[in-house]
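4 protein chains.
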Amino acid sequence: MNKTKEVEMVLGNLAYAVTMLEDCPEFTSLIPEVRVNLVYALPKAKTPKEVAAVDGRITAVRGLPHAPGMPTFSASDHMARLILEVRKYDAEANAGINFKCDQTVIEVVQEYCSERGLLSGWIDRTREPDEVAVRDGASMPWKIKQLVARYGAIPRLFYEGEGWGKEPLFVALGKDAVEVTTMAIEIARRYREKTQR
Amino acid sequence: MNKTKEVEMVLGNLAYAVTMLEDCPEFTSLIPEVRVNLVYALPKAKTPKEVAAVDGRITAVRGLPHAPGMPTFSASDHMARLILEVRKYDAEANAGINFKCDQTVIEVVQEYCSERGLLSGWIDRTREPDEVAVRDGASMPWKIKQLVARYGAIPRLFYEGEGWGKEPLFVALGKDAVEVTTMAIEIARRYREKTQR
Amino acid sequence: MNKTKEVEMVLGNLAYAVTMLEDCPEFTSLIPEVRVNLVYALPKAKTPKEVAAVDGRITAVRGLPHAPGMPTFSASDHMARLILEVRKYDAEANAGINFKCDQTVIEVVQEYCSERGLLSGWIDRTREPDEVAVRDGASMPWKIKQLVARYGAIPRLFYEGEGWGKEPLFVALGKDAVEVTTMAIEIARRYREKTQR
Amino acid sequence: MNKTKEVEMVLGNLAYAVTMLEDCPEFTSLIPEVRVNLVYALPKAKTPKEVAAVDGRITAVRGLPHAPGMPTFSASDHMARLILEVRKYDAEANAGINFKCDQTVIEVVQEYCSERGLLSGWIDRTREPDEVAVRDGASMPWKIKQLVARYGAIPRLFYEGEGWGKEPLFVALGKDAVEVTTMAIEIARRYREKTQR
Numbered sequence: 055m056n057k058t059k060e061v062e063m064v065l066g067n068l069a070y071a072v073t074m075l076e077d078c079p080e081f082t083s084l085i086p087e088v089r090v091n092l093v094y095a096l097p098k099a100k101t102p103k104e105v106a107a108v109d110g111r112i113t114a115v116r117g118l119p120h121a122p123g124m125p126t127f128s129a130s131d132h133m134a135r136l137i138l139e140v141r142k143y144d145a146e147a148n149a150g151i152n153f154k155c156d157q158t159v160i161e162v163v164q165e166y167c168s169e170r171g172l173l174s175g176w177i178d179r180t181r182e183p184d185e186v187a188v189r190d191g192a193s194m195p196w197k198i199k200q201l202v203a204r205y206g207a208i209p210r211l212f213y214e215g216e217g218w219g220k221e222p223l224f225v226a227l228g229k230d231a232v233e234v235t236t237m238a239i240e241i242a243r244r245y246r247e248k249t250q251r
Numbered sequence: 055m056n057k058t059k060e061v062e063m064v065l066g067n068l069a070y071a072v073t074m075l076e077d078c079p080e081f082t083s084l085i086p087e088v089r090v091n092l093v094y095a096l097p098k099a100k101t102p103k104e105v106a107a108v109d110g111r112i113t114a115v116r117g118l119p120h121a122p123g124m125p126t127f128s129a130s131d132h133m134a135r136l137i138l139e140v141r142k143y144d145a146e147a148n149a150g151i152n153f154k155c156d157q158t159v160i161e162v163v164q165e166y167c168s169e170r171g172l173l174s175g176w177i178d179r180t181r182e183p184d185e186v187a188v189r190d191g192a193s194m195p196w197k198i199k200q201l202v203a204r205y206g207a208i209p210r211l212f213y214e215g216e217g218w219g220k221e222p223l224f225v226a227l228g229k230d231a232v233e234v235t236t237m238a239i240e241i242a243r244r245y246r247e248k249t250q251r
Numbered sequence: 055m056n057k058t059k060e061v062e063m064v065l066g067n068l069a070y071a072v073t074m075l076e077d078c079p080e081f082t083s084l085i086p087e088v089r090v091n092l093v094y095a096l097p098k099a100k101t102p103k104e105v106a107a108v109d110g111r112i113t114a115v116r117g118l119p120h121a122p123g124m125p126t127f128s129a130s131d132h133m134a135r136l137i138l139e140v141r142k143y144d145a146e147a148n149a150g151i152n153f154k155c156d157q158t159v160i161e162v163v164q165e166y167c168s169e170r171g172l173l174s175g176w177i178d179r180t181r182e183p184d185e186v187a188v189r190d191g192a193s194m195p196w197k198i199k200q201l202v203a204r205y206g207a208i209p210r211l212f213y214e215g216e217g218w219g220k221e222p223l224f225v226a227l228g229k230d231a232v233e234v235t236t237m238a239i240e241i242a243r244r245y246r247e248k249t250q251r
Numbered sequence: 055m056n057k058t059k060e061v062e063m064v065l066g067n068l069a070y071a072v073t074m075l076e077d078c079p080e081f082t083s084l085i086p087e088v089r090v091n092l093v094y095a096l097p098k099a100k101t102p103k104e105v106a107a108v109d110g111r112i113t114a115v116r117g118l119p120h121a122p123g124m125p126t127f128s129a130s131d132h133m134a135r136l137i138l139e140v141r142k143y144d145a146e147a148n149a150g151i152n153f154k155c156d157q158t159v160i161e162v163v164q165e166y167c168s169e170r171g172l173l174s175g176w177i178d179r180t181r182e183p184d185e186v187a188v189r190d191g192a193s194m195p196w197k198i199k200q201l202v203a204r205y206g207a208i209p210r211l212f213y214e215g216e217g218w219g220k221e222p223l224f225v226a227l228g229k230d231a232v233e234v235t236t237m238a239i240e241i242a243r244r245y246r247e248k249t250q251r
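Taken in order, these protein sequences are the chains called A, B, C and D. Going by the working numbering, the first residue of the first sequence is number 55, and it counts up by one from there. Going by the working numbering, the first residue of the second sequence is number 55, and it counts up by one from there. Going by the working numbering, the first residue of the third sequence is number 55, and it counts up by one from there. Going by the working numbering, the first residue of the fourth sequence is number 55, and it counts up by one from there.
If you are wondering where the hints come from, they were derived from the structure by calculation, not from laboratory data. Take these hints with a grain of salt, some might be off.
[As the list claims (entries may be wrong)] In the PhoX-like style, the derived pairs of lysine-lysine whose C-alpha atoms are separated by at most 20 Å in a straight line are:
hint, chain 1, residue 1, chain 2, residue 2
1, B, 154, A, 59
2, C, 229, D, 59
3, C, 57, C, 100
4, C, 142, B, 154
[Unchecked claim] Not close to chain B: a few residues of chain D, all C-beta gaps over 10 Å, as computed:
hint, residue
5, 73
6, 76
7, 96
8, 116
9, 118
10, 161
11, 172
12, 179
13, 183
14, 188
15, 189
16, 199
17, 215
18, 217
19, 236
20, 240
All values derive from a computational prediction rather than experimental measurement. From the three backbone atoms N, C-alpha and C, an ideal C-beta is built for every residue, glycine too.
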């Protein structure tokens, strides 16, 4: 497949995933302080410029998830670097979405993963060595390596525990934006149900 | 190519075209009263449900073109039916965009088309027979037939002259949303230059 | 009251009215091809620069009314001139909103007005003299004058019948944006009920 | 002044401030991970329901500041509680805006404040006692009290240093949203100049 077709399929998959989120009121409860990044990397992406994301991130307006801009390349930095690092270990993990992490979300994700036989995990940021934390760009490789070391593979759903200056966040990984969005929506519905009881 | 891939390529091509328009301040001058529809039909589309368009149309905010929603299917009716009708005569015309029509735009389009050897044309709505105008869904086939009869083929750029209750509008046709957007942007830049002299 | 306070009250009243519309799914059915203008003039406004409107107009995204931009001054031309002309006859009519006009909307508005003892009316664009139609800026004074001549006062709700190049449109007038929006929402709910039977 | 007028003035002042930000490309560089909250409290506000904020926060789209929603009440929690707490010590501080905090922003703010004779400060989150951090709603009073204790008054500009799970953030305080936005824009312009040298 040529480059233009790949670009279009990545953007189109993201656009479709965005409408799925916008049609899911329950997802509003999972929007974290930093808002939601939804990213999808081109097959041979090496830099964040080759990773597409929702411009302006996904926020909540009138209580509903809302994307203020189009899916576009270079629109994400942190999540783009995460997906590029992840793909070094798991060639199928092209897309990711982040969402809120609290004790209830952790429980919901664990149930969801055990039902489906999916691997879940977490990154303990307190273990990050000082020399890693201060060196530019060193954190991401360390974090992903820690995951692989602990779980033997990249978990499909994992959270980064809170860090110094960092909100705790969940990440779902998958082959494309629609797949990770489908997971996030299912988790959002279970979370809403659990918190409304 | 399977259906999902086709859907993604259509949505992604539209998303990319939208960012081209949003990065073009000159295009604001071509936004008509009814706002801009940008549509792209699936290869075998038979109904407006299989034609994707920018949800909410493209409008102007803070003086810049702005898409309030995502490219999505079923988001257009009139332009979707137009492209479906056009494709009966021209299998390559999958996408269309409409924009403002005034005397200066007409001149700019004629220059643009004669430079490139493209066919341009217009639909004379005053010739529309009464029995066509009143019958639901009869106008569109009549209009496209009139174009073919007069020009021997579907022009790449044509306008519908004003009608009873209808704003005059230009339409650009092409193989995909990026192609028609590229034409519209070139015309917008020439129009801005001409009107600012 | 000083000018800054007046400006803020006009913008704030518009912002509140927008959230009312965005919370009313039924209003989507009343959005016309040209999208919805919601305007509110400063007490002593003489030009469209002193009339505030929703930037980008109100459109529909994911089936819900959506304002792509903020209320701001100079954002409307046609509806701004309408409200300035109207106020020459009715000092209390500071704000206006336009919406779709079809046979069912006409019936709904007539019922609504007769229940409340409000004056409704229409402008017959076919009566517009040629010399008025061609002279820049002459149409609006003629139209409002025609209303006053026929009804003895400016109706609170009236429609402009379709014209050459013009979509038929309803207009609601009132003392502020919240008042006209309240009327439009009530009409939208009745319209939805009537068309869903 | 009655309640409706107060509500409108607060919303309108916010709407105007938003357009100021949207017209300032330099401000994009000051948007933090958590996006920008711009809040303005009603004169007698006691709860976040009586504090207006930009729904969806202010994010960046196509490189420009963008508000995805209207100013509305109940749209903020953290910044709303901050302004309510601040006002217990400074009756004139009705509005606030937060923005990115890094070493360069700190320098820019210090220069800005010393030129204007404004008080600036910071909250040292590492001093927060454990029993405060864990008790719901106890952090905010503690933080504002710490500011007053250290500086003798509420500084017009201060930052909260990074904390456990918390991004460091600057806050500007003022009598209304336009005043704090004017400060933030001036700081953004100086920051851009400094970082582009």
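Hint check:
Using a Cα cut-off of 20 Å, the hinted pair residue 154(B) and residue 59(A) is violated, with the two alpha carbons roughly 31 Å apart. The suggested pairing of residue 229(C) with residue 59(D) holds, with an alpha-carbon distance near 14 Å, which does not exceed 20 Å. At most 20 Å may separate the alpha-carbon atoms for a hinted pair to count; residue 57(C) and residue 100(C) meet this at roughly 14 Å. The hinted pair formed by residue 142(C) and residue 154(B) fails the criterion: a straight-line CA distance of about 32 Å is larger than 20 Å.
Separation of residue 73(D) from chain B is inadequate, the least Cβ-Cβ distance of about 7 Å not exceeding the 10 Å criterion. A beta-carbon of chain B comes within 10 Å of the beta-carbon of residue 76(D); the shortest separation is about 5 Å. With a cut of 10 Å on Cβ distances, residue 96(D) stays outside the contact zone with chain B, its closest approach being about 28 Å. Chain B draws residue 116(D) into its interface by the beta-carbon criterion, the shortest separation being 5 Å against a cut-off of 10 Å.
Listed as outside the interface, residue 118(D) is inconsistent with that label: its C-beta sits roughly 8 Å from the nearest C-beta of chain B, within the 10 Å cut-off. Distance check for residue 161(D) against chain B: the nearest CB is about 31 Å away, which clears 10 Å, and the non-interface claim stands. Distance check on residue 172(D): its Cβ is at least 30 Å (rounded) from any Cβ of chain B, clearing the 10 Å threshold; non-interface status holds. With a closest Cβ-Cβ approach of about 37 Å to chain B, residue 179(D) is found to remain outside the 10 Å limit, as its non-interface label requires.
With a least beta-carbon separation of about 46 Å from chain B, residue 183(D) lies farther than 10 Å from that chain, consistent with its non-interface assignment. Annotated as non-interface, residue 188(D) keeps its C-beta farther than 10 Å from every C-beta of chain B; the closest such distance is 42 Å. Every Cβ of chain B is farther than 10 Å from the Cβ of residue 189(D); the closest lies at roughly 43 Å, confirming the non-interface assignment. Non-interface call for residue 199(D) relative to chain B: holds, since the shortest CB-CB distance, roughly 41 Å, exceeds 10 Å.
Remark: the non-interface label on residue 215(D) is consistent with the geometry, its nearest Cβ contact in chain B lying 35 Å away (cut-off 10 Å). With 10 Å as the threshold on Cβ separation, the claim that residue 217(D) sits away from chain B holds: the shortest Cβ distance comes to roughly 36 Å. The claim that residue 236(D) lies off the interface holds: its Cβ sits roughly 18 Å from the closest Cβ of chain B, which is beyond the 10 Å cut-off. No Cβ of chain B comes within 10 Å of the Cβ of residue 240(D); the nearest lies about 20 Å off, and the non-interface call holds.
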